[in-house]
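Asks: Take a look at the letters that make up each chain.
There are 2 protein chains.
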Amino acid sequence: MSDTSHDPKQGPVPSRRAFLRGAAATGAGLAAGGAAAQNAPDPLITQVQDWASGTGDGVDATPYGMPIEFESDVIRRNVEWLTADTISSINFTPIHALDGTITPQGCAFERHHSGAIELRKEDYRLMIHGLVDTPLVFTYADLERFPRVNKTFFLECAANTGMEWAGAQLNGAQFTHGMIHNMEYSGVSLRTLLDEAGLTSAGDFKDKWIYVEGADASSNGRSIPLEKALDDVMIAFKANGEALRKEHGYPVRLVVPGWEGNLWVKWLRRIEVTAQAIESREETSKYTDTLEDGTARKWTWVMDAKSVVTSPSPQAPITHGKGPLVVTGLAWSGRGAITGVDVTIDGGKTWQKARLAAAGQPMALTRFYLDIDWDGSEMFVQSRCHDDTGYVQPTKNQLRDVRGLNSVYHNNCIQTWWVKETGEAENVEVS
Amino acid sequence: MSDTSHDPKQGPVPSRRAFLRGAAATGAGLAAGGAAAQNAPDPLITQVQDWASGTGDGVDATPYGMPIEFESDVIRRNVEWLTADTISSINFTPIHALDGTITPQGCAFERHHSGAIELRKEDYRLMIHGLVDTPLVFTYADLERFPRVNKTFFLECAANTGMEWAGAQLNGAQFTHGMIHNMEYSGVSLRTLLDEAGLTSAGDFKDKWIYVEGADASSNGRSIPLEKALDDVMIAFKANGEALRKEHGYPVRLVVPGWEGNLWVKWLRRIEVTAQAIESREETSKYTDTLEDGTARKWTWVMDAKSVVTSPSPQAPITHGKGPLVVTGLAWSGRGAITGVDVTIDGGKTWQKARLAAAGQPMALTRFYLDIDWDGSEMFVQSRCHDDTGYVQPTKNQLRDVRGLNSVYHNNCIQTWWVKETGEAENVEVS
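Chains as they are written, first to last, in full-length UniProt numbering: chain H, 1 to 431; chain X, 1 to 431.
Some clues are possibly wrong.
Since the list can't tell identical chains apart, any single copy or any two copies may satisfy a pair.
To be verified - In silico lysine to any residue, SDA-like type, Cα no more than 25 angstroms apart, as pairs:
no. : residue 1 : residue 2
1   : K121      : Y64
2   : K349      : F70
3   : K121      : G321
4   : K121      : L405
5   : K228      : E69
6   : K206      : T46
7   : K420      : T350
8   : K349      : A159
9   : K121      : H320
Quick caveat, the hints were computed from the structure, so don't treat them as lab data.
One chain only, chain H, in its complex shape:
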């Protein structure tokens, strides 16, 4: 299927000659017998550098490597005033500095309620009980003997962008939208394990639930409809090829594609098939949305389609001045696949169709790009995505009209960055 919407080879190639330094200008032309240099020669071209004449690290230097020191900006960051203690807090993925779609585990955001625990594979147990034919307990080694599945999914916290309900609060895409990551999971489908326990005694699946909890002190009990559990929920033990990191629930976590991050219980310990939702503390006091009339919207599990421009953004200003500029960002939908992303630089008066780096994948992050020629004047940059249900990402005003002003969760509205002539960007609201 040929789709030029994500093929940069199609269409005219705008010349970027104005900003590139010709080889002649750098002095290389002199060596190659070209025209005389018009500017001072670039010593990085004309002189042998240290790294080109010495040796570097051997292959035994880093059995498991870390990023180079020059990338120290690309880290998880937390906001200290958010919660009382760092063990029951959240940090943010540095999405302003990433590209592609995979989020490295090492800088993928964390959300804990009693901190990240150490749980060895040998000590790991998963109990499946309740309305099953035979209650079962699985060791980690047991789980590795069941048929495996691999799938890439985003995980987004329901509170992502939550502070922005009150207005433009945090100055950076990492902080406004960084409660999100995207990983390739390997594991066993929950359906396989539930079939092993047997569901004949569960009766009609449509009105049944599972209650899931983790092995950490906060346990984070959650109720999930049995239909969803049998559909695409995974018991995952690898992410991006290797074991889950300690902070991502080692050795086993739940994966609930497209649904709120809090359901993706880490250090998964127990799954109980039940006749009704447990309505645990976390489910009733948190993770419900208060509407304008005071009633509460609960069990809003699905993460709505959402997108954000990651660059330019407050933490990723334009430093090269006017001319060719790459605008990029991420889009995702918990209801299916992203089918398109529009970008505006005039605050929504006019929209251009962005290029998807690849066709959207269901419930996974999609990378988009728009190549523009920046004239150096201020911009109000936004992105707006579409998913395959026909849903279009709304503005904040459109959301407020429906939800009122007391929402905490599920803020998937269009984000605006005010990009100034200096190239610096600021988080703003536009009407």
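Chain H is already provided as a structure; the job is to place chain X on it using the hints.
Replies: This is chain X only, laid out in the frame that chain H set:
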């Protein structure tokens, strides 16, 4: 497109009841009012554990995290006798312990000729010259202004499995097949940059070349046909979402999809469009295959279709005894996409069709699984892959018939693991 070849939900669900401990047996049944325990209760079920009653790490503990200490087996390893010095050596990806298809940068194999260097983005320069209309020099910041592409590709060293030409040498998939990794690259297509420099003066592309070299002392000059350069070669600056690691060529490397790893020059410094191949030292003294008649096969760029079972394998023995067993491995082809993988446990007498975790992607790693019921007797486990050109992975004897016994590179033959009744595995050759 529905394809049940990679859907574990289809078909009969073999009961694994024989090896699972029922919840009643663990003592959980007692608490739940079930049958009396038939075995000693499992304290990991019946007693509150430390990690469930204490707290763990806060969200500020690891701005950039590493794997948990219990995963210390999952590291790059090198073989000291391979080369004279670790700066001009290679290490191996721990493929025996990975799953999925993404290889984390931190444990992805490295091959250097003068060690891994530190090269800052500000100091980075890329020159494109030779048979171009306008020679150009790009800074790193310049590269970020061109239209980007994202694509996942495997990189395999031409010498991968090379020691095995002489017989079954190394006891582990990491060592026999670990000169390989698979990453999602973000960058600019080389075509875009060559178009910027202009190729009208290059004449007929079919007989033109590019010569590429890196900024490290060993520079690693290589000749690549211009046709390939214009096809799918990338200038990459991100892998798996984040910057390339120092050891993978930070900040910029070449990506030559499906072709020998040595072409994927790291710390890319220069690209010269030339009328003929340079035939540099590395290209003539190494990376050519000596055939049986003494002539040399050169410029064997494309990595042929290949596969290997990663588990069970010498470093990943079967520890659970007979019964349900997951056989898994990787398959790939430099000529296109993997269309199927067969697995045998009797040394090739009979073959079963393995399940692909997902449809094969061109020039990227494919994960396969086969779920079997192991009767506990010894096995001779092999995998054999097919790609979309119709090519079938050959046996070592078939390769030797064509190439003779003096080959060093491009050993893509079928690999055999002798799995004993104990579950331990050994590298063997079978006729």
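Asks: Decide, hint by hint, whether the structure agrees.
Replies: Hints, one by one, checked against the model:
no.: 1; hint: K121 <-> Y64; result: both (20 angstroms within a copy, 23 angstroms between copies)
no.: 2; hint: K349 <-> F70; result: neither (39 angstroms within a copy, 54 angstroms between copies)
no.: 3; hint: K121 <-> G321; result: between (52 angstroms within a copy, 18 angstroms between copies)
no.: 4; hint: K121 <-> L405; result: neither (45 angstroms within a copy, 45 angstroms between copies)
no.: 5; hint: K228 <-> E69; result: neither (43 angstroms within a copy, 34 angstroms between copies)
no.: 6; hint: K206 <-> T46; result: neither (72 angstroms within a copy, 32 angstroms between copies)
no.: 7; hint: K420 <-> T350; result: within (18 angstroms within a copy, 68 angstroms between copies)
no.: 8; hint: K349 <-> A159; result: neither (29 angstroms within a copy, 57 angstroms between copies)
no.: 9; hint: K121 <-> H320; result: between (50 angstroms within a copy, 14 angstroms between copies)
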